[in-house]
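Trainee: Okay, here's what each chain looks like letter by letter:
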Amino acid sequence: MTAILEINGLNKSFGGIKATDNLSLTVEQGELHAVIGPNGAGKTTLISQLTGMQFPDSGSVKFKSRDITRMAAHKRPHLGIARSFQITSLIMQMSVLDNVALALQACDGHSFRFLRPARSVNSLRERGRALLDRVGLADNADSPTAALSHGEHRRMEIAIALASEAELMLLDEPMAGLGAQESTEMVGLLQDLKGKHTILLIEHDMDAVFALADRISVLVYGHIIATGTPDEIRGNEAVQHAYLGEEA
Amino acid sequence: MRAGLTVLVMVALAVVPPLLYWYANPFYLDLASRLVILGIAAVSLNLILGYGGLVSFGHAAFLGLGAYAVGIPAHHWLYGGMDAIATTNGWVQIALAVGVSGLFAFLTGLVCLRTRGVYFIMITMAFAQMIYYLIVSIEEYGGDDGLVIDTRSELPFINLDDPLQLYFLGYVSLLVAMLLVRMIVHSRFGMVLQGAKGNEERMISLGYNIYAYRLVAYVISGAMAGYAGALLGNFTTFISPEMMDWSRSGELMFMVILGGFATNVGPVLGAVAFIVLEEVLSSWTIYWHLPFGLMLIGVVLFARGGLVGLFTGRGGKK
Ligand SMILES: Nc1ncnc2c1ncn2[C@@H]1O[C@H](COP(=O)(O)OP(=O)(O)OP(=O)(O)O)[C@@H](O)[C@H]1O
Ligand SMILES: [Mg+2]
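Residue numbers (my numbering), protein chains in the order written: chain A, 1 to 248; chain B, 1 to 318.
Hint data in this document are derived by calculation from the structure and do not stem from the laboratory.
Note that the structure is a prediction, hence the values are computed from the model and not measured.
Treat the hints with care, since some could be wrong.
According to the in silico footprint, chain B covers these stretches of chain A (three or more CB under 8 angstroms from chain B) [unchecked claim]: (1) 19-31; (2) 206-216; (3) 227-240.
One-sided and incomplete, this derived list gives chain B residues near chain A with beta-carbon spacing under 10 angstroms [said to hold, decoys possible]: (4) Tyr-28; (5) Arg-152; (6) Val-176; (7) Leu-179; (8) Met-183; (9) Tyr-213.
Each residue gets a CB set at the ideal place from its N, CA and C atoms; glycine is no exception.
Using the sequences provided together with the hints, build the complete structure.
Mentor: Printed below as a string of structure tokens:
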């Protein structure tokens, strides 16, 4: 096994709050690695530092042995890192297909192209439709994004993350706010992605995490208190005490 | 529906002003010339304000720079000095207008586009005021009092001293500006610009360097407004720092918002409404800015798509 993502001694404070506290974590190539932890544990803050939306106070992040700790956020997707947002982040004014096409366009060279209408570029439109089909949104391609339901927005997030065919996908609570039925569908979707991409999955839904993850890390107060297979985590006393105990 | 409105407005602008000029009062052609020239500036502002979401409050500076790029060479041509730029050649003057305003847009854009929201509004305004005071301080070009352009730009086949020819140069330029912005907006570049307006965070996460795209849009917009400024200088033949005052920038914003931003014909409709209102209201009262401002607030509150939204019966594309 080779490590695709190596996080070493990461620290990030907001005023008095230590959102990331000496956090170290390795994600292996090809695995689905879940990070669980209570509300406010610093999961989203971790993702922000991996995507470059925030920079750590200290520590390092390496992607495929390359130090990306302070690399600009807009450069990272081109290395092969994609993300989805916990709080849906889409371009609401555009159509569903436009959103996905923009994601595809981002990986198709620079966009300082002024002459040809973007909506007439068949390769982008067709691949966009195929991606929407994959997440079950084929019929909504031409709808305004704002008209879709929350559950459909969550699936758009996945389609967009898939567009770049990134090696590493950082998924921040893809099931946030989904009903039981929609959650099941989303688990099916993630099951399908598993193995094709390396995935760092942040999730609250314990059933989903234990069903999907190859390995699980438990984040509490910005620090990883345990990493292991689902069985190891289930049996870990510190974890049960700090976290699972409340839920189990 | 929207395309129909565009055709209607542009056909009317091609036919009505010359008719008024011949059969009614030549003064109307003056109004129409100002309208099409300010229309170009409004169309250019719409690219960054409407489609890019960048609330630039200093657009009149580009107009002013463009006008002085005509006035200063003409001034030296007549009174000597600065032989290198002393000319009445229209090509040189227009190239200078476009080049200088594009460069100004690039240099200020580098700084302005690092800021967001109200800071962006303030800093674009600050840079425009800087140019304003710079011109005020140069006595050779009349400072506060302004500069008379004794000789209009000389261009092949067109005589700008003929008001009708000047009008049609402005009209065709407006048409070209609209087509240009339309093309840009629909291109890949335009999609990125609009995407960045809709969701900056998302665009960065997709891997777009939105700063670079916005900077290019800002330069295109500034250069277009500079071109409009060169026409404005030829039209008024009198230029002064007052034409880049912040209130002038505000008027351009009014046109874009009143007409319906992020629509092709919106800024032109806004320019029509502005010219008409200015004429009508200012004949009633010198405090015409007050009712004008109230009407603008009315449009913003009650007709969100601006005039385009009003006429086509739906809100402008947001
Ligand atoms: N920009 C910020 N400024 C100040 N404090 C912040 C900021 N972002 C996060 N925090 C704080 O850092 C801590 C970790 O927040 P974070 O959003 O990373 O938690 P999380 O594990 O994603 O929580 P949740 O499960 O609710 O999504 C919280 O206490 C939060 O209030
Ligand atoms: Mg979170």
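Trainee: Determine which of the earlier numbered hints do not hold for this structure and return their numbers in increasing order.
Mentor: Hints 1, 2, 3, 4, 5, 6 and 7 contradicted; others consistent.
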